[in-house]
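Trainee: Chain by chain, the residues run as shown.
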Amino acid sequence: DAKTTQPNSMESNEEEPVHLPCNHSTISGTDYIHWYRQLPSQGPEYVIHGLTSNVNNRMASLAIAEDRKSSTLILHRATLRDAAVYYCILRDPGNQFYFGTGTSLTVIP
Amino acid sequence: GAGVSQSPSNKVTEKGKDVELRCDPISGHTALYWYRQSLGQGLEFLIYFQGNSAPDKSGLPSDRFSAERTGGSVSTLTIQRTQQEDSAVYLCASSFQDLAGGEQYFGPGTRLTVT
Numbered sequence: 046d047a048k049t050t051q052p053n054s055m056e057s058n059e060e061e062p063v064h065l066p067c068n069h070s071t072i073s074g075t076d077y078i079h080w081y082r083q084l085p086s087q088g089p090e091y092v093i094h095g096l097t098s099n100v101n102n103r104m105a106s107l108a109i110a111e112d113r114k115s116s117t118l119i120l121h122r123a124t125l126r127d128a129a130v131y132y133c134i135l136r137d138p139g140n141q142f143y144f145g146t147g148t149s150l151t152v153i154p
Numbered sequence: 443g444a445g446v447s448q449s450p451s452n453k454v455t456e457k458g459k460d461v462e463l464r465c466d467p468i469s470g471h472t473a474l475y476w477y478r479q480s481l482g483q484g485l486e487f488l489i490y491f492q493g494n495s496a497p498d499k500s501g502l503p504s505d506r507f508s509a510e511r512t513g514g515s516v517s518t519l520t521i522q523r524t525q526q527e528d529s530a531v532y533l534c535a536s537s538f539q540d541l542a543g544g545e546q547y548f549g550p551g552t553r554l555t556v557t
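Chains as they are written, first to last, in the working numbering: chain A, 46 to 154; chain B, 443 to 557.
A couple of the hints might just be wrong.
[Stated by the list, open to error] Derived contacts from chain B toward chain A, CB cut-off under 10 Å, selection only:
hint	residue
1	450
2	531
3	545
4	547
5	549
Think of the hints as simulated: they come from the structure by calculation, not from any bench.
What you are looking at is a predicted structure, and each value in this text was computed from that prediction instead of being measured.
Note that the Cβ used here is the ideal one computed from N, Cα and C, for glycine as well.
Produce the complete structure using the sequences and hints provided.
Mentor: Listed below in C-alpha cells is the structure:
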C-alpha cells in the first residue's frame, strides 16, 4: 500500500519560508498528492494538491519531484497562524486514503 | 454558506452502549467521508460514500462500526457495544465529487469518550 513519511516536527522563524518534506516512494501513477493542515482543536483544512506538475495557490506552493517519490510543501512566509500539523496524503481513484504521520510546525516569533 | 456540521459535538457514553454520530455535508456535495482521530494521532480513514453507496468500507475497524447515508445527504456513523478504545474524535468531510483531486471540507468533529 502506498504510504507517506514526514518528519514529526519542524520549526521556522516567523516571516521566513518553510519547506515541509514528504516521501512517498511507493506512489502509483494515478495517486494525487494532497496537503492538509490541522490547527489545534479544529478539523483539517485543505492546503493544496497536485499530480505531476508543481502547483501554486494563495496559501502555498507544492513542489513535486520528477519521479514523484517525494514532494515539498512550501509556505513562502510563515506566520504564527501557520502553526499546525501538516498532513501529506495520497489519494488514488480507487478511493483509498493514506495519511502521513503529519509534521507539527512551530513558528517562532 | 454553511459548512459541514456534525452532532453531537461531544458524547460521553458508558462502555457497551451504542452511539450514533451524525454528519450533515455541504449541500450539493455527493462524496462524504468519515475519519477517526485518536488523541495525539493522525487521521484514520473509516469509510467513504459516493451518493448513498459506500464503495469503500475497508477502514471500518470492526463489525461494531457501521455507517449509512440516505438521500445522498446526511450520514450516520453507528458504533455498537462501545469500547474504551473507541474514544476519539470522529471527523466527517464532504466534497463535490469523488475525484481523486477533489478538495475535502471537514466538519468540527464529534469527540466521543467511552467510560
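Trainee: Could you run down the list of hints and mark each one as holding or not?
Mentor: Consistency of the hints with the structure:
| no. | hint | in the structure |
| --- | --- | --- |
| 1 | 450 | 15 Å, violated |
| 2 | 531 | 9 Å, holds |
| 3 | 545 | 4 Å, holds |
| 4 | 547 | 7 Å, holds |
| 5 | 549 | 6 Å, holds |
Taken one by one, the earlier hints fail for this structure only at number 1.
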